[in-house]
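**Student:** One letter stands for each residue in the lines below.
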Amino acid sequence: MMKLLRIELKKILTYKIFWVLTGLYFVFLALGIILGEHIINNWVDSINRHIPLPLPHVTLYFFPDVWQNITFFAGIRYFLIFPAIIIIILITNEFTYKTIRQNVINGMSKVDIQLSKLQIILCFSVIITTIIGIVALILGISNTDSAGMHLMLTKLLFLPAFFLEIFTFLIMAYFCAFLLKHTGLAIGFFTLYVIIIEPVLYFLLKIPGLQPNNVSQYLPVNSVIRIVEYPAISSLQRIMGITLQDHISLLHCGITVGYSALFLGVTFVVMRRRDL
Amino acid sequence: MDTLLSLHEISKNYGKIHAVDKLSMNIHKGQVFGILGPNGSGKTTTLSIVLDLIKADHGSFQWFGNVPSKETRKRIGSVIESPNFFPYLSAQKNLEIVAEIKDLSYDDIPTVLKMTGLYDRMNSKFRTFSFGMKQRLAVASALLGDPDVLILDEPTNGLDPQGIAQIREIILRVAGEGITIILASHLLDEVQKICSHVAVLNKGKILFDGEVSEVLAEADCIEVSADNLELLGKVMSEYPQCKSIAKSNDKLLLYFKTLVKPQEINQFLFSKGITVSHLMERKRSLEKHFLELLAQES
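These protein sequence lines are chains A and B, in that order.
Under the working numbering, the residues of the first sequence are numbered 1 to 276, in order.
Under the working numbering, the residues of the second sequence are numbered 1001 to 1298, in order.
Just so you know, the hints here were simulated from the structure itself, not pulled from any lab data.
Among the hints, a few may not be true.
[What the hints assert, rightly or not] No farther apart than 20 Å at their CA atoms in a straight line, the calculated lysine to aspartate or glutamate pairs in the EDC-like style are these:
(1) B:K1070 to B:D1146
(2) B:K1055 to A:D275
(3) A:K16 to B:E1096
(4) A:K110 to B:D1103
(5) A:K3 to B:D1108
(6) B:K1134 to B:D1160
Could you put together the complete structure from these sequences and hints?
**Tutor:** Listed below in C-alpha cells is the structure:
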C-alpha cells in the first residue's frame, strides 16, 4: 500500500500544475473565510439603515460555532471544485500520457491503479481537513473570550463531517475522470454539472407537485454539501427568530456514503471491462 | 526447450473484424522471435492481450507456464507502440516509477541509461527529448531489472536511420546476453536481421511459423545460361530432380523437387558437354516468401 502512495507522490511532487492549483485553492479559501464575515456584516449594515434598533455585527469565528461556520464556507461548491479539478487532472493525465497502459504492462493491476488514486484522494482530504481544523482552532482561540473557551470542542464533530464532504466530492471527481478519460471533457462536464446542471435539476424537481425538498435534496452534490448546513450566526438568529440547523445532517451523511460506494463500484466495474 | 509464452486459440473481434483469429503459438526461452505482418494484421492486439491491456474474447495464454498475473508482468520488459512517460518528469524520475512498480531498487537505473546512451540526460524532462531519445528511454525502462523477456512492438517505427541503427544495436546486444526477445514488426528486413524465429501474421492468423534460417535456406531456383539455350533446356529436362524449367530472357530458371546445389548442376552439364556462361543460386528471400504467403491468403 505504501508502495502505491510512493509512486503517486513521485508523480505529484514535481508537478507544477498541481502546486499552482493547490496554491490557488488555499488563496481563494482564505479569501472566502475572511470575506464571509464581511459580507454578512455588510448585509447587517444595510438592514440597520431601515430599522430603529441596530443589529450587532456578527462574529463567525468564535468557539464553538467556528467549527460549523468554517466548514460551511470550505464546503461551498465553488471552493470544493478546486481540489476536484486537481484530482481529475491527476487521473486523466494517466490516460492522456498513456502511463496507465505502461503501469499495467510493468506490473500494476487495474485495481492497483484505482487504489493508488483513492489513496491520493484520502491524503488530500485529510490534509485539507487538517488545515481547515488548524485555521479554525487559531481563529477560535483569537476570537473567543475566556468565558466561552469551555465550549471549544462541542462542535468539533463538524470537522469529520467536512472530511466526509470533501472525500465524497473528490470521489465524484474520480468517477468522472475514470469514466471520461479526457482532461478537458472531464473538467468541463464536472464543473458544468456541479455549478449549473444540478442546481437547475434541483430547482426543476422542486416545482411540479412534488413536496419541497423531497427528491431534489438527494441529488449527489446537494447531499454532499448539505452535510454541513448554513452558518450559525447565533446573535442574529436570536434577534431575528430564525432557526438554522446547527447539527450535522446524519441523513445526508448516510446518503453520501451510499453515493461514494456507488461511484466506486461503477468505476471498478467499468475499469474491469474496459480495454486499456 | 522451456516454453516462455504459449497462446491457445486466442480470438479478439472488433465488431465484424477478426483482429486475432484463433491464434495459437509457443515462444521458447532464448529465442529472438519475430512477429511479422502488415499493418492491421493483429500484432499489437496479440501483444496487448498477453500483457493484459486487452481482454481476449476467447482462448487463453500462459507466461512461464503459469496463469498470467501482475507478478508475471514484472518479469517482462515491454515497449508497446509509443513511449509512455510523464512529460514533466525527468528520465530518472520516470524510471524510478517503473522500478517501484516492478519492486526493483534504483541501482539499475544508471546502467540502463548508459546502455541506451541517455545517461547524460538523466535529469532532463521527458518532454525535452527527441523522438529517438524517447524511444530509447522506453527500451531503457523495458531493460530495468534484467527481465526474462523483452517485448518490442515496432521499436524502430518513426525513427531516423541513425535512431533505427541505435535501437537495433541495443536489441542485438541484449539478444546476445540470452534474453528472450519478442519483436513485432512490419519490416521484413528488421526481422531478417534480428530474429532467429518468425511467425508471419495476416488478418489475425498465423500463416507461417518457424526458424528464419529455415525460411531463408530454401533455395528457390537456380539460374543458368549457356550459348545454346535450347540444348541446355533439353539436357536439363533429363535431370532426375528437375521439376520445371522456365525461360527468362537469356537465362533458364530451374526448379527442383529436392534441394540441389549449383555445383551438382555444373558437374552434370559439364559431363553432358555443355559449359555454362552463368550459374546462380536464387535464394528465396523472406520478403518473397512473405508476399507469397500473403498472396495465398487473399
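**Student:** Are the hints correct? Go through all of them and say.
**Tutor:** Outcome of the hint check:
{"no.": "1", "hint": "B:K1070 to B:D1146", "in the structure": "holds, 17 Å"}
{"no.": "2", "hint": "B:K1055 to A:D275", "in the structure": "holds, 7 Å"}
{"no.": "3", "hint": "A:K16 to B:E1096", "in the structure": "holds, 19 Å"}
{"no.": "4", "hint": "A:K110 to B:D1103", "in the structure": "holds, 17 Å"}
{"no.": "5", "hint": "A:K3 to B:D1108", "in the structure": "holds, 18 Å"}
{"no.": "6", "hint": "B:K1134 to B:D1160", "in the structure": "holds, 13 Å"}
Of the numbered hints stated above, none is contradicted by the structure.
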